[in-house]
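Going down the list, the protein sequences come from chains A, B, C and D. Numbered by the working numbering, the letters in the first sequence go through residues 202 to 575 in order. Numbered by the working numbering, the letters in the second sequence go through residues 202 to 575 in order. Numbered by the working numbering, the letters in the third sequence go through residues 202 to 575 in order. Numbered by the working numbering, the letters in the fourth sequence go through residues 202 to 575 in order.
Since the hints were made in silico from the structure, they are not lab data. Among the clues, some could well be false.
[Stated by the list, open to error] The calculated lysine-lysine pairs, modelled on DSBU-like cross-linking and capped at a C-alpha distance of 35 Å, are:
(1) A:Lys266 x C:Lys228
(2) C:Lys257 x C:Lys228
(3) A:Lys228 x C:Lys467
(4) B:Lys562 x C:Lys513
(5) D:Lys228 x B:Lys573
(6) A:Lys310 x B:Lys397
Predicted, not measured: the structure shown is a model, and the values here were computed from it.
Protein chains: 4
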Amino acid sequence: MLRYLTAGESHGKCLVAILEGMVSGLKIDKKIIDNELSRRQQGYGRGGRMKIEKDKVDILSGLRKGATIGSPISVLIENKDFSIDRLPAVVNPRPGHADLAGALKYNTKDVRDILERASARETAARVAVGAICKSLLDEFGIEILSHVMMIGGIEAHTRDLSISEIKRNIAKASLRCADPDAEKLMIKRIDSMISKGDSAGGIFEVIATGVPAGLGSYAQYDKKLDANLAGGLMSIQAIKAVEIGQGIEGARVSGLRFHDAIYYKKGQGFYRKTNNAGGIEGGMSNGEPIVIRGFMKPIATLGAPLDSVNIKTKKALRAAVERRDVCAVPAAGVVGEAVVAFELAKQMLLKFGGDSLGETKRNFEGYVKQVKNF
Amino acid sequence: MLRYLTAGESHGKCLVAILEGMVSGLKIDKKIIDNELSRRQQGYGRGGRMKIEKDKVDILSGLRKGATIGSPISVLIENKDFSIDRLPAVVNPRPGHADLAGALKYNTKDVRDILERASARETAARVAVGAICKSLLDEFGIEILSHVMMIGGIEAHTRDLSISEIKRNIAKASLRCADPDAEKLMIKRIDSMISKGDSAGGIFEVIATGVPAGLGSYAQYDKKLDANLAGGLMSIQAIKAVEIGQGIEGARVSGLRFHDAIYYKKGQGFYRKTNNAGGIEGGMSNGEPIVIRGFMKPIATLGAPLDSVNIKTKKALRAAVERRDVCAVPAAGVVGEAVVAFELAKQMLLKFGGDSLGETKRNFEGYVKQVKNF
Amino acid sequence: MLRYLTAGESHGKCLVAILEGMVSGLKIDKKIIDNELSRRQQGYGRGGRMKIEKDKVDILSGLRKGATIGSPISVLIENKDFSIDRLPAVVNPRPGHADLAGALKYNTKDVRDILERASARETAARVAVGAICKSLLDEFGIEILSHVMMIGGIEAHTRDLSISEIKRNIAKASLRCADPDAEKLMIKRIDSMISKGDSAGGIFEVIATGVPAGLGSYAQYDKKLDANLAGGLMSIQAIKAVEIGQGIEGARVSGLRFHDAIYYKKGQGFYRKTNNAGGIEGGMSNGEPIVIRGFMKPIATLGAPLDSVNIKTKKALRAAVERRDVCAVPAAGVVGEAVVAFELAKQMLLKFGGDSLGETKRNFEGYVKQVKNF
Amino acid sequence: MLRYLTAGESHGKCLVAILEGMVSGLKIDKKIIDNELSRRQQGYGRGGRMKIEKDKVDILSGLRKGATIGSPISVLIENKDFSIDRLPAVVNPRPGHADLAGALKYNTKDVRDILERASARETAARVAVGAICKSLLDEFGIEILSHVMMIGGIEAHTRDLSISEIKRNIAKASLRCADPDAEKLMIKRIDSMISKGDSAGGIFEVIATGVPAGLGSYAQYDKKLDANLAGGLMSIQAIKAVEIGQGIEGARVSGLRFHDAIYYKKGQGFYRKTNNAGGIEGGMSNGEPIVIRGFMKPIATLGAPLDSVNIKTKKALRAAVERRDVCAVPAAGVVGEAVVAFELAKQMLLKFGGDSLGETKRNFEGYVKQVKNF
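With the hints as extra help, turn the sequences into a complete structure.
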């Protein structure tokens, strides 16, 4: 069972993660992890912190001569701004953040005790974990990408684009948006939000290609692939809705229009002409690309802050202002990739077992052949 | 840790569930469980099976003289139609179902091996589990309801209704819809789908009131209340998207418009005037009603079936036709209540501990007082 | 991940178990489960209850035409004596039982609320689960047996017996003891305990042969095979110590005498001439037979009961007398087999993955070949 | 749910642990952790490494101004000898170690890939985790100690000593043995082992005082306190048997002699005059001191190594010689304390819930009162 824990605060010494259950013999390139960390820090509309942090991973354990050996992999990402003990107390909780509920739960009058860990800074550790999982998936031909479908109400028109067109378009985009015209408007929208002290949310889509049919299971509620992916995506800071395939439209249209008819071609096997299901039927991957979307609320730390209450005096005041982004949808997409990568890597190892990369590959190939000859 | 497993096939002998970790001293009324089971079977547009099944629970263990004693609670719901070994093989997988992916995964040429367990019949067991969880929550003043917000594209207008108005309206509704005008149109839409051999999906909303602030946590990705609820709701058959509060609109509007400003009133404590967050901030309940929506795709078993392939001969044919519903959104809402009830009961017992109802209540009351005097 | 839950009280309607995560395509013979249940009920020194219960399993789900289909397997064992609601309250807790600690924990003044579930009757459900796991292991050539090594201080001399000699000897034994002379003395000891209203404990040994090297792992504390087996065995009612291989003697002798030197023979691979490690090194199976022992305290329900206290009045009195066994070591050995079978089945599916028996076997055979060609 | 993961290799950069689920408001003193780390490194018979390592903890996260804030606590212990990538390959597996089974499992021809993580060096991370758990338990009056009961066949006579006498005696002992005469003989035995290139194992006992009745549960096999403790202790490197209370003798004596009769005294509540059960009945703490013993096999790395096989050439040779201890029973006892501390802290938080130390204490005190007034 692949599993991981993360630790670390926004202004603590560092972020840490332990990833446990990885096969031996997998090559891990620090540069690939650093590249993912860098991708998380990009995107128009990011705040001052992104300028001071250039995240680099330090792999503390789990490798020997650049490859996994079966032992837990631990990674550390240093915080440039390590000041948690010196930073002043915060008494005005920000609406939309963990601040108030956290202060009540953990019984503290200093909201900093809460916001330090609740911060999306934590996702850097998850991106490092995801980068390792991507290295595993890569060995099985599974690829994961994300792109931005909407920011602050501006929608990208990407429905008619193939996955490779999306990939090509976002390569040069500053907001990971595959529709260049929409992206221009998105940038304007972000500029307008900056000037008003306001913020924007949006929608990102994660696509995983090359996933074999049969990951996940309908047999028990907590083994469903869609349930696991939805839980993962919803666990990303600021995500408030998750959609698989054309799930929202699916509530609107009829069965005859929605479901993806099944076809077969010799040599190719079963296939579909549409993918409204987003690659998941009955809680299992069905062999089509997995498509899952995260809906991100606007950043909750605002330049023109909302009404709040001093949690000590109970007097009305304005919410706290921390260093802030104005829009972080592209970054959330990168985190979404990491979350999806972890869930798929976990499912691959559950289905195919194996303790060394070679063993898992052998098992995988046996199954691929079984499906081919089905 | 409260946990449960379910078992049982659609045409097997019965459905079974074991719920483990419940406090002692909780009164369990079989009638309340039966009533929930009955609610799951209702709603305009249900198929023939709902007429032959009148689900009744048999509580096999965990109670003594009508109350829990700390031991696992097991329940059984008999299937009227117990024919799994006699039913013929199915070779034409239905698009939108587990059929094809399941046959490949479990390596069977008889799709019946798959559809028997993948069927939404399994949710009866979850509703029984949820009914027991509701009995616990009831002791803490937590109430859960669901209503239908859309069916087949027909939207209910419920935004301006209070929770008690919604409750009142759905009491007499045949589709659990709080907007009587919309409901009439929904029924027409269902009738039209019946006549065409087509089907409809829709949206339901689950609302939980009385939830204390501080359930769940931001401290680790898999402890977030929203992640747990999203995973739970997405695990319900045919659900393809999950939204918390105004999460979809939240991707569109700005931060100043979206976030729920914080206020304080002596005696009442902290409160909000809006609840766009749906009662969850930073992965924790914030004291406001929890609002979560499930988006259900149209029923995948169709009267006018889609293209499919004979999994033995690989020749094109039409998908299988099982006994079917045309629309099951109200029922999915009832299952959604059960799923939310389980997740909240689990979180309540995690936060407040306790092995007897009295102990958990004492701990709960201590926290309520702590929050009041915060 | 194979997992299970059990439910049911000693005088409730029945015992229930759900076993989840089993591969499809495994033939399950109800007679084999019934035979295991019957073995649990045998052994000289059992009480009156064993005469009235002839446990038979009812398989409620998970099979179609006699084989698994990937869905959860649920089983039910009816209690002949279903009287839990009529039985009188118990106020005098028995030393050595869950009675007192349970009454305090679950806050009840009626010890019956506790003893009903704490009773070893629950192990019937685990034996049924174990029987299914044994059916899986059987497909991989893994066999599990138990025998009695000591009862009430009478030791069996079995060190010089081979596993097949042990097997042969216990086939005809009434206490599952491979040393016929010792068994005669054990029976006398039990008779003497019966006459005094006293009871006896003892030691059983579980041996698993055919286990491939490499189950379990040292990589994380909770993945160690020995830790999992020890937890499992210690979870059996009345077990107070667990030993792997010659673990107790191992604390006494020197390293040069204890450790099992490594040899290699072409065709056969690596092997040992001794097995003091009991088949486990570094938290992993090493290819030798797994040998694990459970130390059972004497039955805590006594005919000549010990001092106790009325939990209502706090006045001194004697402990309660329930229907009782005088010695149940052979039965505990059968339960030990079941526990070991579950843990090994879980580890086999973790290491080899697979969703159908054929897939798991193919993966297993690939590994066997890999080890052979190592 | 309190949980933790560790990472790190013996000659890697460092050891790391993440402990997750701790309440807020708990003061953590780095010196207390360092002191525990130092205790793990002591004891007559330790090897050269203990001289070069003076373990110090670096707390990476989870604290603010010296106290927990509810976020995960991560700790790092640097390895002085960081040479994993430079160290030569090892081809001769040591009997008694993970070496051979690990090489087969993870499919490596270099045993160093295995021994680096399988090494007991990993327990330093667990001791750090245990030190934090002890800080929590300390707030509830729970204290944990360990002492050595046997080394290499030399038994300490401690049965007639009270816990406070044991504590006093081991304060000045060099092997954590409470019987000074035995300790002298133990040292001689170790010296003799050193001179022969041989090694010694032994027995340690962990005692936890102040544990309230009612931790753990009989309700499900995996919730039993004894099962959890046994699993924990057996997961310590080189432990081959675990005994709770007088569990081994319990298999020998009769019920009337073994079980701990129950008494009651006003003001004091229920009590026992004996503690053969080792503080656990029915899988729950019963209010008496918890007593659990670990049986450690002799160190498997020997100066006069055993027969082994070159895993590349398959030719017979001698086992590898790594830097080694000759006896590490006192250290294993310290690790045993850590493991017991974690399990008890986990159970305390499960039973009493709470997110801040104050909340958990309030809940605990309510239960203590409930038990008092039972």
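Worksheet entry | Non-conforming hints, listed in increasing numerical order | Violated hints: 1 and 6; rest satisfied.
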